[in-house]
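Asks: Taken in sequence, the protein lines are chains A and B.
If you're matching positions, the first sequence starts at 2 in my numbering and goes up one per residue.
If you're matching positions, the second sequence starts at 331 in my numbering and goes up one per residue.
Calculated directly from the structure, the hints in this document are not laboratory data.
Keep in mind the model is a prediction, meaning the values are calculated, not measured.
Glycine is no exception: its CB is placed at the ideal position from the N, C-alpha and C atoms.
Do not take every clue at face value.
[To be verified] In silico negatives: residues of chain A with every beta carbon more than 10 Å from chain B:
| id | residue |
| --- | --- |
| 1 | THR44 |
| 2 | LEU82 |
| 3 | ALA119 |
| 4 | LEU123 |
| 5 | LEU126 |
| 6 | ALA129 |
| 7 | SER185 |
| 8 | SER205 |
| 9 | GLN251 |
| 10 | ALA255 |
[Claimed, not checked] Derived list of chain A stretches under chain B, where covered just means 3 residues or more per stretch with a C-beta under 8 Å from a C-beta of chain B:
| id | segment |
| --- | --- |
| 11 | 30-39 |
| 12 | 66-76 |
| 13 | 138-148 |
| 14 | 191-203 |
| 15 | 326-332 |
[What the hints assert, rightly or not] Have a look at the derived ranges for each label pair, beta carbon to beta carbon:
| id | chain 1 | residue 1 | chain 2 | residue 2 | range |
| --- | --- | --- | --- | --- | --- |
| 16 | A | LEU258 | B | VAL414 | 51 to 61 Å |
| 17 | A | ALA6 | B | ARG504 | 22 to 32 Å |
| 18 | B | LEU387 | A | PRO168 | 39 to 49 Å |
| 19 | A | SER7 | B | ALA592 | 46 to 56 Å |
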Amino acid sequence: MQTAASQRARRRRVAALLSPGLGWITVAYVVPSVLVFIYSFLTPKLGGGVIWEFSTETWQEIVARGRRSEAGWGTVGAAALRGMLAAAAAGAAGAAIARYLGRGGARGVLRAAGAVGALVGLHHLAIAYNNYSAVFARSVVWSLWATLICAALALPLAVFISSRRSPLARNALLVAVMIPFWTSMLVRTYAIRFILANTGPLNSIIEGLGFDRIAFLNTRFSVMLGLVYTALPFMILPLYAAVERSDGVQLEAARDLGARPPQVFLEVFVPLIRPGLIVGSVMVFVISVSQFLVPALLGGGKTNMIATLLGLQFGTAFNWPLGAAIATLFSLITLLSLYALIGRKDEVELL
Amino acid sequence: MRTIARSQRRAAVALGGSSALVYAFFYLPVIVLIVFSFNKARTGGAWTGFTTNWYSLLAQNDQIKTATVNSVVVAIIATSVATVLGTMISLALDRHTFRGRKAAQQVVYLPVIAPEIVTGVSLLAFFSLALGRLNDILGRGAEDAIRLGRPTVILTHIAFCTAFVALVVRASLRTLDPAIEEAAADLGAGAWTTFRRVTLPSIMPGVLGGALLSFTLSLDNFVITFYVAGPGATTLPIEVYGQLRRAISPEVNAVSTLIFAASSLLLLSALGVQAGVARRRLQQVRPAKQGPEPNQPITDPNPTPIPQRRGQ
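Bound-form chain B, shown alone (with noise of 0.2 Å):
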């Protein structure tokens, strides 16, 4: 008995070991960049004092504040188009059966599943294809062509964050009785009425959880901005890639770093969003439950928003 036990504190201890070494490999060179953002030596890789001279002269770099300025125009219309675009894709898929529904499902995933470079490059030929050809029609020569630019960006990001909206969306959708729904409708409720006073309260984290999961990968997308944004509309990861490309600087550590703490924040507030709205819900509906299930994770009432990330 005393040997199983010590066989089994033997076991917790390596588990736990392994864990807090996995953890630190996540954290150490997020921390260790952090740091050194606040390092007073512009080269080399010994601390030499704190400053935080890297953040002000960030504040003075016009090329860093206008591409912070462009990508967070493009996130937010981005993100308003795709919110609206995603829900109403996921009420269809959802809510209703279709010839064709499958169909629609996998076209949906492919923004999942695609290679981002693929992604890429395949727009970057479509979209020159498609100006050159409007650029003719209209009669327009080399200087006045519409060119790559702002406009490519935010269709292209209306096109994946749409598709990750619609399956945040649906997540929730799914843990909403039909039911509901038709008693509204019973009762005299139009459409339009029930969606707005029913449907649209009890799927409100799901969306607003996809809303924000949309705004960061609108926001950090590189791989596939890249190649759609042209000269004229660098946003902020395409100009800190081309910045660190060039050399190692602690203006790059500075601006990663807000990054990082801008990503954080964002992630913190949406499963702050979806725990507590939901929560809130629960208790509505089974007020004789005492809240949610305590051993359930945070994230439970809506799941996969957060898998669904693609890498790049």
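Isolated chain A (complex conformation) (with noise of 0.2 Å):
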């Protein structure tokens, strides 16, 4: 039995372990927060900060008034259009897996073909609307694709580390992927950066074999290529955690059963790995969404997502509360992409 003297010394004891820290921490994260979307409604100053008057004409600039001559009516239909043939697409696509597995699941497929609709037509619908929804429509887009391209580099690698018996050369293989994740961002955009310039090795090369050189930097390409490069890491220790967690022997029950190898794949591996893939995904999108290096150093700097975007309102461009709209709608963005995650506790426990 705990008297009350014991128990206010212990309530001191919690309060004194946490305020210093975490009341900082609230400081350093969550105020800040509050005071970027308080900055929106006010005017800018010219060469950087605010002025306390309240205004909404950023947020009038963001919503309406950046609006693109070109874009009305048209815009959206042909947005539609072009969200119905991409759902019409991925349906027939989805239909036709159903039927190799050999399973119904049409509600599965339906949501599936529903959500890649959606997603053509709202891009769309961003990209041609203005310059800052059609900055964020890239930047998602290209994240998006970003973590495809890491979760089919990273699987054959998770799959082959845990499959190795020496714990010695899986750890070696493991410590070997932690050396990239481990260094300095900033030095290893700065090495693609190197590799890819019109003087770099790789054009001497090219030139060497008599080509013409080729320009790389600042392009899609190099920004893609910059993206997967700097997130790789993070798809594939969740989904190697994942793997190594996963029972090798449902795997053979199913083979002995007679399943085919996508069947096995797609219907008993993908199932077993599933909270390792989300981790890996959310991370990387988190992470690539929010890339401002890559975009600087291999995309020419120019505001092609949302960092540049925002940094540059902070920096040479010095309108403040733009940025902090912008502030405000990207955080936004990341915490709903999240919010998915955060329902899940299993998976949040692979973190």
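Mind docking these for me? Both chains are given alone in their own frames, and the hints should help you get the complex.
Replies: Structure, rendered in structure tokens:
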């Protein structure tokens, strides 16, 4: 039985342990986000900063005024059409897979097709609407592609590492994934920039072979390469943890019962490693969508992703309220994509 | 039977081959960078001969030296404070139940999940407002005003390093049975003695791992630091970024090589410390078992210090 006095002492101890660290994290992370939301309703000051006068100018600019002249009902129609076409294509592919696997799953196929269609339609709409929505849409879609590519590259590697019998080999292979994971993003992004540069090693090999130099840098290719290169370890490690936990016996049982390899993969293996796949995907997506260095160093520093656009407003463009509004929207996107993860406790444990 | 064996072998070769390609993808760019930091030619991508000239130029580069010293000072101060604060948070979260514990946990996760660019610009807005008010109160004019600088960088680094330390130490607190601490308390040890003689030695690998992680995070951080540093407190990543935006030079390759080497060394020592201490502890606690499970990866006694690393 605890007395009231000892309970009070206990509470005091918890408060003493928590308050310095937690207090400072709150001041540094919660208070500024509230402040930034307030800033988005103020007036920009030349040379940086804000004037404390209420204004909805910034949000009007983002939502309505920045609209492109050609954006109109035609755009909506075109977006809807594309969305429907994409949904039909995805539905057909899904139906073919479901039929091959020999099961119904009509609802799942419909849902997936609907999601693909909505994504394609919204993407088209956002690209055509105005500069801000275009940058957001591009960042999201590029990050989704980066997530897919990372998953495709990481899965064989995770299986390969966990299939090593000797613990020494397995640890060495894991550490080899952790080293790039641990080294400075700046150095790794710069390494890609150095190799792809017009006068870089790759181009001198190409020239040596008798071809013309290729402008790799400042293209979609270089940005995508950079996104995958920097985020790949964040997919490998959770996937490895999931593969390691999954039970090989189930795969064997499925094979013995006559399942074809794609069937074993899609119906047994993927459900087994789902938690790792989800954690890895969310991490890769969040990291890619907020990349600053990759678009700055490999994309030519044009405002082609959210972070560069946001950085520009607080840097050389000196429009703090606009930057604050973008930061608010951006935080919302990140929170929404993490929302999928937070509801699932077993998957959070893997983090 | 033969065909199954053959198809399995084919699958194994495909798996190994694709993994080798991924490893090449990881390391080729860095290796090329390292090789070319010893290249004689100032420009161009052709190999013209071996030199260590760029490293000696680096040693004479005052901007790089100042920035390095600044980075190390920031990292040392931020890590020392963050290790203490983070360990305290993890003790409160793991050894006590109280109202608002869930909310406290979520706040600790914030630095891990918040996009760095948002944190950077938000802190810039916050610090300029706070410093403006402070200067008004102190009655300082344009000349002697307190501005963004090393103190704001250190404060910022303390915030995110504390969160990472708390998460890493918590992972190792989970593996420590509270009954051992209760036994110490029953035997008459006070709260502080229990912590110093029982808890701390057991979670030491986690604390050290957290400190090393926090040191690396602080040294490497670019995006957040870029916005809170102001002109006076350039850290190494900011200096390197500035140089490589201007021109690709072998000197940047040399400094990048050094940063890569330092980070790899820090990682290996972090893993080594954790594996070594964990092994010793397992032997002490469970002498019947022969050391750690042979098929556990070396990080397993304290899972997750690494995956928490955020991108920039």
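Asks: Work down the list of hints and note, for each, if the structure agrees.
Replies: Hints, verified against the model:
| no. | hint | in the structure |
| --- | --- | --- |
| 1 | THR44 | holds (14 Å) |
| 2 | LEU82 | holds (34 Å) |
| 3 | ALA119 | holds (24 Å) |
| 4 | LEU123 | holds (21 Å) |
| 5 | LEU126 | holds (24 Å) |
| 6 | ALA129 | holds (26 Å) |
| 7 | SER185 | violated (4 Å) |
| 8 | SER205 | violated (4 Å) |
| 9 | GLN251 | holds (17 Å) |
| 10 | ALA255 | holds (15 Å) |
| 11 | 30-39 | holds (count 7) |
| 12 | 66-76 | violated (count 0) |
| 13 | 138-148 | violated (count 0) |
| 14 | 191-203 | holds (count 11) |
| 15 | 326-332 | holds (count 3) |
| 16 | A:LEU258 to B:VAL414: 51 to 61 Å | holds (57 Å) |
| 17 | A:ALA6 to B:ARG504: 22 to 32 Å | holds (30 Å) |
| 18 | B:LEU387 to A:PRO168: 39 to 49 Å | holds (44 Å) |
| 19 | A:SER7 to B:ALA592: 46 to 56 Å | holds (48 Å) |
This entry does not satisfy hints 7, 8, 12, 13, going by the numbered hints stated previously.
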